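Colleague: Take a look at the letters that make up each chain.
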Amino acid sequence: MILSLAWKNIWRNKKRSLIIIVATALGLWGSLLSGAIWMGWGESMVDTAINRDLAHIQIHKPGYAQNKEIINYIPDGFRILEETKNLPGVKAVSGRTLVEGMAASPTSTFGVKIVGIVPAQAKTVTDIYKRLIEGEYFTGSGGRNPVVIGRKLADRLGLKLHSKIVLSFQDLDGSLNYAAGKIVGIYKTESGLFDQSNVFMRQADLFRLLNTKPLIHEIAIRAESARIMPQVYAAVKANYPQLAVHTWKELAPEVAYTSTAMEAFTYIFIGIILFALLFGITNTMLMAVIERFRELGVLIAVGMKKGRIFSMILLETILLSITGGVAGIVIGGLSIAYFAHTGIDLSLLASSLETFGVSTTLRPFLPLDMYIALPIMIVITASLSAILPAWKVVHIQPSEAIRMY
Amino acid sequence: MPLIELHDLSKTYNTAAVPVQAVKNVSLQIEKQEFTAIVGPSGSGKTTLLNLIGGLDKPTGGSIFVEGKDIATLKANDLIDFRLHHIGFVFQAYNLIPVFTAKENVEFIMLLQGVSRAKREQRALELLESVGLGDKVNSFPPQLSGGQQQRVAVARALASRPSFVLADEPTANLDSHTAGALLDMMAQLNREYGMTFIFSTHDPRVIKRARRVVTLEDGAVKSDVRQNEGKRET
Ligand SMILES: Nc1ncnc2c1ncn2[C@@H]1O[C@H](COP(=O)(O)OP(=O)(O)OP(=O)(O)O)[C@@H](O)[C@H]1O
Ligand SMILES: [Mg+2]
Chain B
927 MILSLAWKNI
937 WRNKKRSLII
947 IVATALGLWG
957 SLLSGAIWMG
967 WGESMVDTAI
977 NRDLAHIQIH
987 KPGYAQNKEI
997 INYIPDGFRI
1007 LEETKNLPGV
1017 KAVSGRTLVE
1027 GMAASPTSTF
1037 GVKIVGIVPA
1047 QAKTVTDIYK
1057 RLIEGEYFTG
1067 SGGRNPVVIG
1077 RKLADRLGLK
1087 LHSKIVLSFQ
1097 DLDGSLNYAA
1107 GKIVGIYKTE
1117 SGLFDQSNVF
1127 MRQADLFRLL
1137 NTKPLIHEIA
1147 IRAESARIMP
1157 QVYAAVKANY
1167 PQLAVHTWKE
1177 LAPEVAYTST
1187 AMEAFTYIFI
1197 GIILFALLFG
1207 ITNTMLMAVI
1217 ERFRELGVLI
1227 AVGMKKGRIF
1237 SMILLETILL
1247 SITGGVAGIV
1257 IGGLSIAYFA
1267 HTGIDLSLLA
1277 SSLETFGVST
1287 TLRPFLPLDM
1297 YIALPIMIVI
1307 TASLSAILPA
1317 WKVVHIQPSE
1327 AIRMY
Chain S
10 MPLIELHDLS
20 KTYNTAAVPV
30 QAVKNVSLQI
40 EKQEFTAIVG
50 PSGSGKTTLL
60 NLIGGLDKPT
70 GGSIFVEGKD
80 IATLKANDLI
90 DFRLHHIGFV
100 FQAYNLIPVF
110 TAKENVEFIM
120 LLQGVSRAKR
130 EQRALELLES
140 VGLGDKVNSF
150 PPQLSGGQQQ
160 RVAVARALAS
170 RPSFVLADEP
180 TANLDSHTAG
190 ALLDMMAQLN
200 REYGMTFIFS
210 THDPRVIKRA
220 RRVVTLEDGA
230 VKSDVRQNEG
240 KRET
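Chains as they are written, first to last, in the working numbering: chain B, 927 to 1331; chain S, 10 to 243.
Worth flagging that the hints you see were computed from the coordinates, not collected in a lab. Keep in mind that a hint or two might mislead.
Said to hold, decoys possible - Derived pair list, reagent style DSS-like, types lysine-lysine, alpha-carbon separation capped at 30 angstroms:
(1) B:Lys1318 <-> S:Lys67
(2) S:Lys67 <-> B:Lys1232
(3) S:Lys84 <-> B:Lys1318
(4) B:Lys1108 <-> B:Lys1090
Quick caveat: nothing in here was measured; it's all calculated off a predicted structure.
All chains, please: the whole structure from these sequences, using the hints.
Modeller: So, in structure tokens, the structure goes:
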């Protein structure tokens, strides 16, 4: 009955209540959608980084990160590669042979990382093969030493598809080797930096050029899902205590940080909106109780205790705010779902976005916990807004209030 | 033991520039089942006296005993509880919650008392029936006439099973015919259920229906007479 009274009281001044409900709804809708866009952005950064090169987990020889020399390969790498492939929760693995070197054309040279891969294996972990804009991903016989390079590097070196590229690098003995490759494919990812510094070759070709037995420096592991990643990580770490095992978050802390920061921004933004709404709600409720001063005085006179009358005003404020809040969350959720489905095309901004490594189609999303946290935040806001009006009501002197006519 | 006992009761308002002594040394006893009118010119202290008896105001002197209890000593929340369980109120206006039906208005006070839903509903219907509004139980106050609204207020005042009902100018906003009808109804409830009523009024036609008339002048009791003993006014 108290609940129904609170609900009915809200609709005594329809216009005034609707204004605050619509304001709440619009405020939340706006902040949810923009939050979802930021978080979609963050997520997209994470996804593209994972799909491009990071994968979920990587294994190296300890010290490789500090000293990327060819000699720092993973001891017994191929056995470990096979073993990790069969761990539960692992979707795919890819062994990479990494060599720091130079790429040269007749006109210029550039420092690059030469990545030796088994194409069929690499395809299961990263999606470079989907990013080819010219040529193909090691499909044809391709002649000797087929090479796939990024668009940016091709531009810098002034090379085209099927051009010859000269790679130079130190072999295991430390002597400088030169090798000519043929560009069979040119890829383009969202990251210009990645595109200009990663050159892909077949592992077999690289071993021949290095004149070495097969060796790998990096094992990239893809878990079946992001959720299961921590378990896989723990298992791999436990299995190979002698090796350096890292998640993508450790490998690219800036990407992980941006993604978390987006979530924090969203909460801050919603917090600001709610803070502004707090004043509107307080004002609405103050007007509502002042209008009903005599009636409330009568209720106190006939026996409604302070605690009860306080809760009645509190309940009324919460209902008012949560009505707008639910409306905002529903339209927010629906528009997020809509844009998540269609994607927001950012291609107009594409060239500047490349620097950030974000895909040009943004899919806004909001984590589930936000849909839980939000109603709680609204109820807290409403409770804060209710304090002043409820305090006024509790201090009504019934004899005075009733005398006011 | 009298239902209500006032000893040397005084109330002085110090809010204005000059202190106003609204009630002066009033001593009065009211027994169960009395039907008492408090009368007097405007400003004579009727409302102040009723507010003191009803525990809506604190006296500045003297004491008020209701059923042997000194209500001036009760703490704020205990006083509200005391009002809820012992006193029925009817005010001149703004008695009812406009968004509740007549029935819900009557039920509400029982909800505050913690009466179960089924009992509340049943009693609300009975009371509305006995104030002659059996056909208006689902009407909202704005759909009712002034007289009908005051009847709902009387039903609400009775709903909590109080020791007595205080009504400050219950007929002030009514035409005299309607006022007479409301008073007749109250008199009937007084006779049939033995409910004690204390009401204030200006209206001579209302005064006629009382069985005890206490007249105030400048806050003091000027006269206290009994009338209509044993006879029925039409
Ligand atoms: N809150 C107050 N502050 C100061 N003076 C007050 C207050 N309430 C009442 N008074 C004064 O006390 C005196 C008695 O007022 P009260 O309202 O009790 O009279 P009343 O008999 O009910 O009058 P009416 O017939 O007009 O309702 C008046 O002089 C009034 O001005
Ligand atoms: Mg008065």
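Colleague: If a hint holds in the structure, say so; if it doesn't, say that too.
Modeller: Status of the hints after comparison with the structure:
1. B:Lys1318 <-> S:Lys67: 21 angstroms, holds
2. S:Lys67 <-> B:Lys1232: 18 angstroms, holds
3. S:Lys84 <-> B:Lys1318: With a Cα-Cα distance of about 19 angstroms, the restraint between S:Lys84 and B:Lys1318 holds, given a limit of 30 angstroms.
4. B:Lys1108 <-> B:Lys1090: Given that 30 angstroms is the threshold and the Cα spacing comes to 5 angstroms, the pair holds.
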